[in-house]
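Student: For the record, the sequence lines run as chains A, B and C. Taking our numbering, I'd label the letters of the first sequence as residues 1 to 354. Taking our numbering, I'd label the letters of the second sequence as residues 1 to 333. Taking our numbering, I'd label the letters of the third sequence as residues 1 to 443.
Honestly, I wouldn't trust all of these hints.
Once the Cα atoms are required to be at most 25 Å apart in a straight line, the calculated DSS-like pairs of lysine-lysine come out as [said to hold, decoys possible]:
| id | chain 1 | residue 1 | chain 2 | residue 2 |
| --- | --- | --- | --- | --- |
| 1 | B | K295 | A | K152 |
| 2 | A | K152 | C | K201 |
| 3 | C | K314 | B | K146 |
Just a sample of chain A residues kept apart from chain C, beta carbon distances all over 12 Å, derived [stated by the list, open to error]:
| id | residue |
| --- | --- |
| 4 | K10 |
| 5 | Q24 |
| 6 | P294 |
Using C-beta positions, here's what the derived DEER-type ranges look like [as the list claims (entries may be wrong)]:
| id | chain 1 | residue 1 | chain 2 | residue 2 | range |
| --- | --- | --- | --- | --- | --- |
| 7 | C | D373 | A | V306 | 37 to 43 Å |
| 8 | B | A209 | A | P351 | 48 to 54 Å |
| 9 | C | D373 | A | M303 | 38 to 44 Å |
| 10 | C | K72 | A | V306 | 20 to 26 Å |
In short, the hints are calculated from the structure, not lab data. Heads up, the beta-carbon is just placed ideally off N, CA and C, and yes, glycines get one too.
The primary structure of each chain is shown beneath.
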Amino acid sequence: MFYRENGQFKSTYESDQQMLPILQDRVFMLVLLVFAFGAVPFLVSDYLFLSLLIPFLILTIAAIGLNLLVGYCGQISLGHAAFMAVGAYAAYNLVLRVPQLNFLVVLLISGLIAAVVGLVFGIPSLRIKGLYLAVATLAAQFFMDWLFARVKWFTNYAHSGSVQTPPVELFGWTVNTPAEKYLFLLGLLIVFTLVAKNLVRSRIGREWMAMRDMDVAAEVIGIRPVYAKLTAFAVSSFYVGVAGALWGFVHLGSWEPLAFNLTLSLNLLFMIIIGGMGSLLGSYFGAAFIVMLPILLNQLPAMLGVPISTSMATHLELMIFGVLIVFFLIVEPHGLARLWAIGKEKLRLWPFPH
Amino acid sequence: MRKNWPVITLGLVLLAGLVAPFADRSTSPGFYVEVLLGGLMAGVLYSLVALGFALIFKASGVFNFAQGAMVLFAALAVARLAEQVPLWVAMLIAMVIMVALAWVIERLVLRPLVNQEGVALLMATLGVSYFLDGFGQTIWGSDIYKIELGIPKEPVMILESLFQGGILVNKEDFVAAIVATALVAALALFFQKTTTGRALRAVADDHQAAQSIGIPLNRIWVIVWSVAGFVALVAGVIWGSKLGVQFSLSQVALKALPVVILGGFTSVTGAVVGGLIIGVGEKMAEVFLGPVMVKAFDLAGGGIENWFAYVLALLFLLVRPEGLFGEKLIDRV
Amino acid sequence: MNRRANFLMLAVSAMAAAIGSTAAMAQAKEQFFPVLSYRTGPYAPNGAPFANGFVDYLKLVNARDGGINGVKITYEECETGYATDRGVECYERLKGKGPTGATLFHPLSTGITFAVTDKSFNDKIPIVTAGYGRADSRDGTVFGWNFPLGGTYWDAADMLVQHVGKKEGGLDKLKGKKIALVYHDSPYGKEPIALLQERAKMHGFEVLLLPVTHPGVEQKATWLQIRQQRPDYVFLWGWGVMNSTSIKEAVATGYPREKMYGVWWSGAEPDVTPAGDGAKGYNALVFLAPAGQGAVHKDVIKYLHDKGQGTGKKEEIGEVLYNRGMVSAMMSVEAVKRAHIKYGKKPLRGEEVRWGLENLAIDKAAIKRLGFDGFMLPVSTSCADHAGSAPASVHIWDGKRWNVQPGIYEADQQILKPMIRASAEKYAAEKKINKRDCAIEAG
Numbered sequence: 001m002f003y004r005e006n007g008q009f010k011s012t013y014e015s016d017q018q019m020l021p022i023l024q025d026r027v028f029m030l031v032l033l034v035f036a037f038g039a040v041p042f043l044v045s046d047y048l049f050l051s052l053l054i055p056f057l058i059l060t061i062a063a064i065g066l067n068l069l070v071g072y073c074g075q076i077s078l079g080h081a082a083f084m085a086v087g088a089y090a091a092y093n094l095v096l097r098v099p100q101l102n103f104l105v106v107l108l109i110s111g112l113i114a115a116v117v118g119l120v121f122g123i124p125s126l127r128i129k130g131l132y133l134a135v136a137t138l139a140a141q142f143f144m145d146w147l148f149a150r151v152k153w154f155t156n157y158a159h160s161g162s163v164q165t166p167p168v169e170l171f172g173w174t175v176n177t178p179a180e181k182y183l184f185l186l187g188l189l190i191v192f193t194l195v196a197k198n199l200v201r202s203r204i205g206r207e208w209m210a211m212r213d214m215d216v217a218a219e220v221i222g223i224r225p226v227y228a229k230l231t232a233f234a235v236s237s238f239y240v241g242v243a244g245a246l247w248g249f250v251h252l253g254s255w256e257p258l259a260f261n262l263t264l265s266l267n268l269l270f271m272i273i274i275g276g277m278g279s280l281l282g283s284y285f286g287a288a289f290i291v292m293l294p295i296l297l298n299q300l301p302a303m304l305g306v307p308i309s310t311s312m313a314t315h316l317e318l319m320i321f322g323v324l325i326v327f328f329l330i331v332e333p334h335g336l337a338r339l340w341a342i343g344k345e346k347l348r349l350w351p352f353p354h
Numbered sequence: 001m002r003k004n005w006p007v008i009t010l011g012l013v014l015l016a017g018l019v020a021p022f023a024d025r026s027t028s029p030g031f032y033v034e035v036l037l038g039g040l041m042a043g044v045l046y047s048l049v050a051l052g053f054a055l056i057f058k059a060s061g062v063f064n065f066a067q068g069a070m071v072l073f074a075a076l077a078v079a080r081l082a083e084q085v086p087l088w089v090a091m092l093i094a095m096v097i098m099v100a101l102a103w104v105i106e107r108l109v110l111r112p113l114v115n116q117e118g119v120a121l122l123m124a125t126l127g128v129s130y131f132l133d134g135f136g137q138t139i140w141g142s143d144i145y146k147i148e149l150g151i152p153k154e155p156v157m158i159l160e161s162l163f164q165g166g167i168l169v170n171k172e173d174f175v176a177a178i179v180a181t182a183l184v185a186a187l188a189l190f191f192q193k194t195t196t197g198r199a200l201r202a203v204a205d206d207h208q209a210a211q212s213i214g215i216p217l218n219r220i221w222v223i224v225w226s227v228a229g230f231v232a233l234v235a236g237v238i239w240g241s242k243l244g245v246q247f248s249l250s251q252v253a254l255k256a257l258p259v260v261i262l263g264g265f266t267s268v269t270g271a272v273v274g275g276l277i278i279g280v281g282e283k284m285a286e287v288f289l290g291p292v293m294v295k296a297f298d299l300a301g302g303g304i305e306n307w308f309a310y311v312l313a314l315l316f317l318l319v320r321p322e323g324l325f326g327e328k329l330i331d332r333v
Numbered sequence: 001m002n003r004r005a006n007f008l009m010l011a012v013s014a015m016a017a018a019i020g021s022t023a024a025m026a027q028a029k030e031q032f033f034p035v036l037s038y039r040t041g042p043y044a045p046n047g048a049p050f051a052n053g054f055v056d057y058l059k060l061v062n063a064r065d066g067g068i069n070g071v072k073i074t075y076e077e078c079e080t081g082y083a084t085d086r087g088v089e090c091y092e093r094l095k096g097k098g099p100t101g102a103t104l105f106h107p108l109s110t111g112i113t114f115a116v117t118d119k120s121f122n123d124k125i126p127i128v129t130a131g132y133g134r135a136d137s138r139d140g141t142v143f144g145w146n147f148p149l150g151g152t153y154w155d156a157a158d159m160l161v162q163h164v165g166k167k168e169g170g171l172d173k174l175k176g177k178k179i180a181l182v183y184h185d186s187p188y189g190k191e192p193i194a195l196l197q198e199r200a201k202m203h204g205f206e207v208l209l210l211p212v213t214h215p216g217v218e219q220k221a222t223w224l225q226i227r228q229q230r231p232d233y234v235f236l237w238g239w240g241v242m243n244s245t246s247i248k249e250a251v252a253t254g255y256p257r258e259k260m261y262g263v264w265w266s267g268a269e270p271d272v273t274p275a276g277d278g279a280k281g282y283n284a285l286v287f288l289a290p291a292g293q294g295a296v297h298k299d300v301i302k303y304l305h306d307k308g309q310g311t312g313k314k315e316e317i318g319e320v321l322y323n324r325g326m327v328s329a330m331m332s333v334e335a336v337k338r339a340h341i342k343y344g345k346k347p348l349r350g351e352e353v354r355w356g357l358e359n360l361a362i363d364k365a366a367i368k369r370l371g372f373d374g375f376m377l378p379v380s381t382s383c384a385d386h387a388g389s390a391p392a393s394v395h396i397w398d399g400k401r402w403n404v405q406p407g408i409y410e411a412d413q414q415i416l417k418p419m420i421r422a423s424a425e426k427y428a429a430e431k432k433i434n435k436r437d438c439a440i441e442a443g
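Here chain A stands alone, though its shape is the one from the complex (with noise of 0.2 Å):
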């Protein structure tokens, strides 16, 4: 009844080619970010930014990376946080040999950095594609956790290889508290969304969509497959590498190479899977799924009064993810995504269903 696009016609190109043709969906948008910035910061508590909010936003910048080459080019990857390891220690040595640059500045080359290293462990993805890709991108995991862990000009010669990171300073303007890095990241969050949404919907995005959907007829309609996979790698990891820089800096503050270790690169392909693979949107549903289903699961069993042991929620929070990841395969391929999108659809007609 009130979601219906009823009257609203599209007289000029700039109008068709909105990112949000509805006029609902704009207003919808437009709430959600006053709410975001205006409202949210006085509302929740340390520990919801701390330990949910901080975390959503950088791996949802993280997912859409990771989303980008599989969901959009088909390219699949196992390995991504050892993009996000580059994108981190990039910008740890930055900040501690080039201490005037802006954090901005160094957020953009630590992704660069991380762009090239994609490329080179994108390189197999010329000959080879599916499983063996995969675990082509395994031996850019295995290879970086250990590139970390030993070069240690990396660490700055730490003597436990743990590095420890100052606090993000931009423009005189320290962000420390959890609400500050919430706004910070949060913007930054919008600014990679929409890159990614224009990149998706322009001449690149469609080349990837073309190389994922069938690479042999992308190939004869002109498309060069050199070019529109190596380009996935490289924004992908990009995206990535900035993801891993502010995980470092902003979210955990010291680290080691285990942070970025194999589980981070299957929590990454989960949230697209459940999110939905080839959505930004889905982007951020998976990322908020998987942040916030172990620490539910920790606390719920207790604020409904029926504690479990910490093991036990552990256990569980293994089976319930497997669980979840067939399931989302059999029923929905679409991830999250797409049940939003079937509800959207279903508002429309409602109250009447014809």
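Place chains B and C on chain A using the hints.
Tutor: Below, chains B and C without anything else, positioned relative to chain A:
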């Protein structure tokens, strides 16, 4: 012949790596043989896990990431059951459990996903592996458990006359090697001589053709997963008796991945040979190349065996994507 | 938020006191202890007994003494799985719980310690790392909130070097010897390297570094290298399943277990029992809590396990890690008691507990009174020295139990002090921390 030059080059490089340690006078031949043996033994264990991979991939086109979790699950079951009943009974019961598990996986995971692309199936098995990790620890516990096979663990010296200082070997490793060999032989026989085995091969060749001549696909898949469960059980018992049964066992699957790449996804022989190559290559690299790299780059310790297998597999993928013994089915890009 | 909650709580309790409602009073008279533990994953076999000992002692204080000076202890466990990000989440979740917030944290992982050390400056909650954590955090002027009670890994490495030196007949005899460090490839395992290299320079022995990747079940190559290099001693810095694997590989490569020395985290029952008879003769450092049962264990059985309130299995009581968990809990409780003297017998905030930790004085009489006779040596701390004395001995596994050897070692602070100073200064500079002046604070 000309087409094979990258493979030959890679082979030569590997061979050079094998011989290289002798350039350094300090390496005694006895020690060299020990490293070789150590690598072979590790390789046997990798092969055991890789076998399970290859079997399932051959018959159903599924890249079973959950093989490691199955190894852990089987080992946990044997270890915990053996606390109550004799070991062989425990193994029998565990086998029944593994068959039941195979049936459940086929029913709930594979059947609904039939005809999906490989990557989706891979992710589904990732899900299965998470579930098994949690489920196994829930019902069997998360301590370290022991499996006593009754094999002495103290090493013995052999060939003392031939090499200075002799060569240290473990009986346990030999038993593992024998079991692996027996297992491969049994599997080969099973595939070649029995009706079920032939049906399995038919399914592997062409699902639709097999179905059209009346081979029940679903039952075949249950059988394949049961066989993979059996292989996991054997691997679990051997690894478990060597390392103790503990959560970390499920991570051996990660070592088996490069093995199947190297050997070829569809080849049982490939799984075995690939395992041996990776095992030897890894240990050689760690023991001989590691210290050199540490000196050269001032590293904080070696540990190159963690990625060596993967990088080796990656190189192999670039020059010969079908692996050593695999069928040339992969569509190149 | 935290502040506000505290303020609210204070207001509520003040109001309750005014009304004179005893029920509300009892409600607020609680001291909250967060318990970070890991009962799952590769390190569960070691994490579980420690957590059980820790929790059992807290329960015991409630059941036997009715709390700390009448203030009931409450606690909540949080599973970290030994993972840093999980640990940080647990820290954030638990730091504001209870009427006065978290008393203190035992992160139970060097990685988590590194991560939460950062946060402690803002949150003003002490981080107690009994026998682990950052070696440089002994310096209380920089690390205002870290308490590596019972010693750090630099202490441990130093003591092990002293021990093998004594075995050889003097530290100077170590010249030309080779010591291999087989370590868990994480901040935990890497901590002792700096000290060992310093000592190696002094005495002229060689250190061979052999990292083992998490979780540590792949050690074939490591031990082949040991077989090749034939080090005179192997120091083992492992945790969880890595320890037992190391011992098994030592058996398989024929390296004498008598020449293997574990740090105190590599010398508990779960580390040796999986290796069976092969572990006989293996040595490890033991600080604070050796295996065995004393008066306090009888109390645990009497007040908890006999009433079905025990945390873990009854057989576990008296194991090395169980005891270490108990001692860790005991020192935390004593710190609160100590702070009660200054701040009054009420629930305390982290800041007040810190004073207790900085003025900890657990002497022989106190140890006896608490029932820990034979399980620890006196500990006393100060504002500048957050670790106190850190004595330890060596114990040997005889196939059935751990036997503590005579001889108590203490790290040579002449060597450690400059290293700690340098490292702490570097941290303070990197993090832009203002150092505390202990003299002013005392006055």
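Student: Hint by hint, note whether the structure agrees.
Tutor: We went through each hint and held it up to the structure:
Pair hint B:K295 plus A:K152 holds up; C-alpha atoms about 13 Å apart against a cutoff of 25 Å. With a C-alpha separation of about 20 Å, the suggested pairing of A:K152 with C:K201 holds against the 25 Å cut-off. Taking the CA atoms of C:K314 and B:K146, the gap is near 21 Å; set against the 25 Å cutoff, the hint holds. No Cβ of chain C approaches the Cβ of A:K10 within 12 Å, the least distance being about 46 Å, so the stated non-interface status holds.
Every CB of chain C is more than 12 Å from the CB of A:Q24 (nearest about 35 Å), matching its label as outside the interface. Annotated as non-interface, A:P294 brings its C-beta within 12 Å of a C-beta of chain C; the closest such distance is 8 Å. About 41 Å separates the C-beta atoms of C:D373 and A:V306, a value consistent with the hinted range of 37 to 43 Å. The supplied range of 48 to 54 Å is met by B:A209 and A:P351, whose beta-carbon atoms lie about 52 Å from each other.
At roughly 43 Å, the beta-carbon separation of C:D373 and A:M303 lies within the given 38 to 44 Å, and the hint holds. Distance hint check for C:K72 and A:V306: the Cβ-Cβ separation is about 23 Å, which falls inside the suggested range of 20 to 26 Å.
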